[in-house]
Structure formats: structure tokens, C-alpha cells
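Okay, here's what each chain looks like letter by letter:
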Amino acid sequence: MRYSIFNLVRQAFSRHSGWTPAWREAAPKATYDVIIIGGGGHGLATAYYLAKVHGLSRVAVLEKRYIGSGNAGRNTTIIRSNYLLPGNLPFYEFSMTLWERLEQELNYNAMVSQRGVLNLFHSDAQRDAFARRGNAMRLHGVDAELLNAAAVRRMAPFLDFDTARFPIHGGLLQRRGGSARHDAVVWGYARAANALGVDIIQNCEVTGFIREAGRVAGVETTRGEIRAAKTGMAVAGNTSRIARMAGLRLPIESHVLQAFVTEAIKPLIPGVITFGAGHFYISQSDKGGLVFGGDLDGYNSYAQRGNLPMVENVCEEGMALIPAMGRVRMLRSWGGVMDMSMDGSPIIDRAPIEGLYLNGGWCYGGFKATPASGWCFAHLMARDEPHEVARAYRLSRFATGHIVDEKGVGAQPNLH
Amino acid sequence: MRIQCPFCGERESGEFAYFGDADHHQNFNSPDAQTQSFEAVYLRDNPAGPHNELWYHSFGCRSWLRVTRDTRTHEILAVGLAKRNPI
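Read top to bottom, the protein sequences are chains Y and S.
Each residue of the first sequence is one higher than the one before, counting from 7 in the working numbering.
Each residue of the second sequence is one higher than the one before, counting from -14 in the working numbering.
To be clear, the hints were calculated from the coordinates, so they are not data collected in a lab.
Far from chain S, some chain Y residues (derived; all Cβ distances over 12 Å):
#1 R144
#2 D189
#3 G214
#4 E269
#5 I359
Chain Y side only, calculated, beta carbon under 8 Å to chain S, not exhaustive:
#6 S246
#7 R247
#8 L256
#9 P257
#10 I258
#11 S260
#12 G304
#13 N306
#14 N313
#15 P315
#16 F404
#17 A405
#18 A417
For every residue, glycine included, the Cβ atom is placed at its ideal position computed from N, Cα and C.
Generate the whole structure from the sequences, applying the supplied hints.
Pasting the structure below:
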């Protein structure tokens, strides 16, 4: 059923008894053209674009729990394309253009809100670095503005500007950045993919791959064998675990990243603000809670929960940036498992085994990439060639030295 | 998460710095040294379960420790000095 003002009015007369489920509960069939492992944003987006752009309808999305129960429901919902490197900028800007028309495309309110992403700088050297990044963005057709301290003060007067330790000198602003409602993105893609005939199979965990004549011919799951000519992985956080079932060893470590939300308060923070003297980002949800996070805990983890030293560290950064935060109570903190690749950039490529395709290594930047990741992975799986804007994300780049290291810290995944 | 340092006793993890997988080896004299080097720098087993890793007690005795820890639960299974099990 299409969501529109007319249908809303029509349903109002029947006491809203006529709404149908947004997607059907599918049982696994014996064969498909394409199987996507992982019912998060990336997997569902891939299935949607496979059906929509490439005309494949025999597509299944396998999810071990319920859709959106992994990192799609654990992120801080920030969307932006303020990157520096030529390998990254076109991809994330493509993603931003897909975000801008996502709701019309999916006929679903994903609450995409372009309220701006402001990266603060605190020294002359950092101003130079941010000016360089802003120039790189503008050269690629991405909007960027370098603000001085007075302009930042007009936008966000509640920041602590004049501390001796981290004085705020200004910020790099991307006005088209902002946030979106993460669960709605998952549900919107699921509903739209379902409408095009995609089977969304929940509570179906992959336990192994079917290998035939040296190629992957499908998967073994807790709900039986499912065969397909092509199998794609979109299981960031668990990419190493699933790839190991196919005998692969990848340039990825799994790390825990924590996020936090406070009680709801009246509108305070206009967009997304990041602290340049550490690693801290904050925005305010539509419900009013301050949503924020910082660095990885720093050790390998699949536990989906972190430890207290990082809680203390993130809260200290928050207090250094916004002293008024000390007056609100923190409601919840949680952890997600990040696919930390060795250069901090993702992998969208064919696996070294025929019939298997990789989408992973999203580090902690996977949410903003959801639409482009789905688009490019669908392109790769349907046509067996990388999409133009995802050419840099080859698995072979680690062996050939063509790494895409945005932060420039080398092969140390807990620093990306 | 607390780590039982052989010198300092049980200390919270914030005192330690993490250096990752303790089990990647490379032999620079081997004929396939280039492949070994690539694998040691980039490829990881990344297990969900017991994981051998290096921790540095930076806010304590400054020793390098070889810790076996379950990555699913953060439970510390064994701690020893890194030099007794050279990497």
C-alpha cells in the first residue's frame, strides 16, 4: 500500500484498520539468483537496487535475527560526505545524492534531515588541514564552508569557545550533511525491496557455504540449504567470521564502538557538531535526546558492549566541548561491532572465490554509506564489474599498496 | 575489563595500551618474505572467541604482555610476559 496523504485520510475513515504489513514474512525457497547475507541497511539496500535497477527479482536477504538488529540500529545516524581522498569523495557524495531523494524513491519517511555537519578546529595547523579538506570537497562538487569563530558562535553559542586548552578557532561546515532515522532506513528499504519481490528471511543464520567445483553455490543455514548463483556478504562486524567459513582471511579486525544518548531536552544542538581536539561527535535526535559517541574502545571485540574507560573519555570530551551537558542525565549507552579495515576504508569487491562477493570493512562510517553501498554492491553483483565510484574499494589494494587511508595512520585498525 | 599484570597485580584496562594480534609472524629471510610481510601487516584471523594479543602496561610497569582474551565476553583467560613467547 502506498503511503500518501490520500491513503492516510482514507484509512482515518476506517479507523486505521486497513493498513497492511510493510513487508511479508518469507520462508526460504530452495534456489535464488542472488542471496544477500545480512539484513541490515546495506544488505536490504543491495537487494532493493538489484531488483529496481538490475531487474532481478529472485533475490533473498538472510538475517540471523530481525532486520536492523545489528549495526543498522546501533549507529549515531550521521550522514555526510566531507572526505578528503579522491577514492572516497565521489562515493560518499554519490551516497549523499541518494540520501537526498531516498524518501521519494522508497515512499517512506526516513526522516532525512540536512541540518549540517560542523567539524570544529582548535589550532592554526588544524585550520589549514580543514581548509585543504574543504577545498578537496569543493573540487569534487561537494558543498563546504570554512567558518571563523564568530560564525561558529552564532550557530552554536553553547560551545566552550575560550578555554585555554582547546580554544575554538572555527569550523568546516557541510550544510547538506545531517542525520536520518536509522531504523526507518532499514524499514524503508525492506518495504520497497519486498514490493519488488525480494524475500526477506529473518531468523535464518548462515552456518556455512555450499562449495561446488571450486565455487560458492549457496549457503547452509539454520533453516536449511539455499542455493544461488551469486552470494553476497553484507555482514559488517562479522565479515571475518563469515568469510572464514569460505576459507578467507581478510584485512579486517572487529572492534567495539560505544554510543550514548541522554534524556530528551528542548532543541539545543542545530546539526551535527564534532570536536576537533579529540574524537567526539554529537547531534540531537528529533525526540530531543543528545546522541553522541567517540573513539573505539580499542581492542578486538564481538561483545556488542564496551568498557568504562571509554565512557569516561567520551564524557570528558563532551564536557570540554559543551559544559552544559553536565546538567543532563545519560539514559543509555550501547556498543556495536565495527568491521575495522586496515586502511579505514571499506571493501566492495568480488571474493577470491567464484560466486562470492564481499561488502564490508565499513569501520564506523557505514550508516552514511548505506544507499551508495547498496547501489554499488548491486552493480558489482549484477554486472561483475565495480561501480565507477567504488573502484578504489578493491580487496587487492592491500597487496598492491593502493590503500585509501583517509586518516593516514597506517595498518593499525583501532586508530582509524 | 581488568588485566592481571604479572608485576602490578590486577589493573583496569585503561592503564594499558593495545597492540593487537600477537600471532602474526614473518621471517625476513624466507624466499616468500614479501608475501609473509603482506600477511603479517594486513591479514588477521580476527576470531570470535579466544584471541592472543599484545598489551602494553603504559600507566604501570611498562611491560609488554601477551594476553589471551575471549573477544565475545572480554574474559581474560591467560596473561604472561610477551618476551617468554616471542612473536
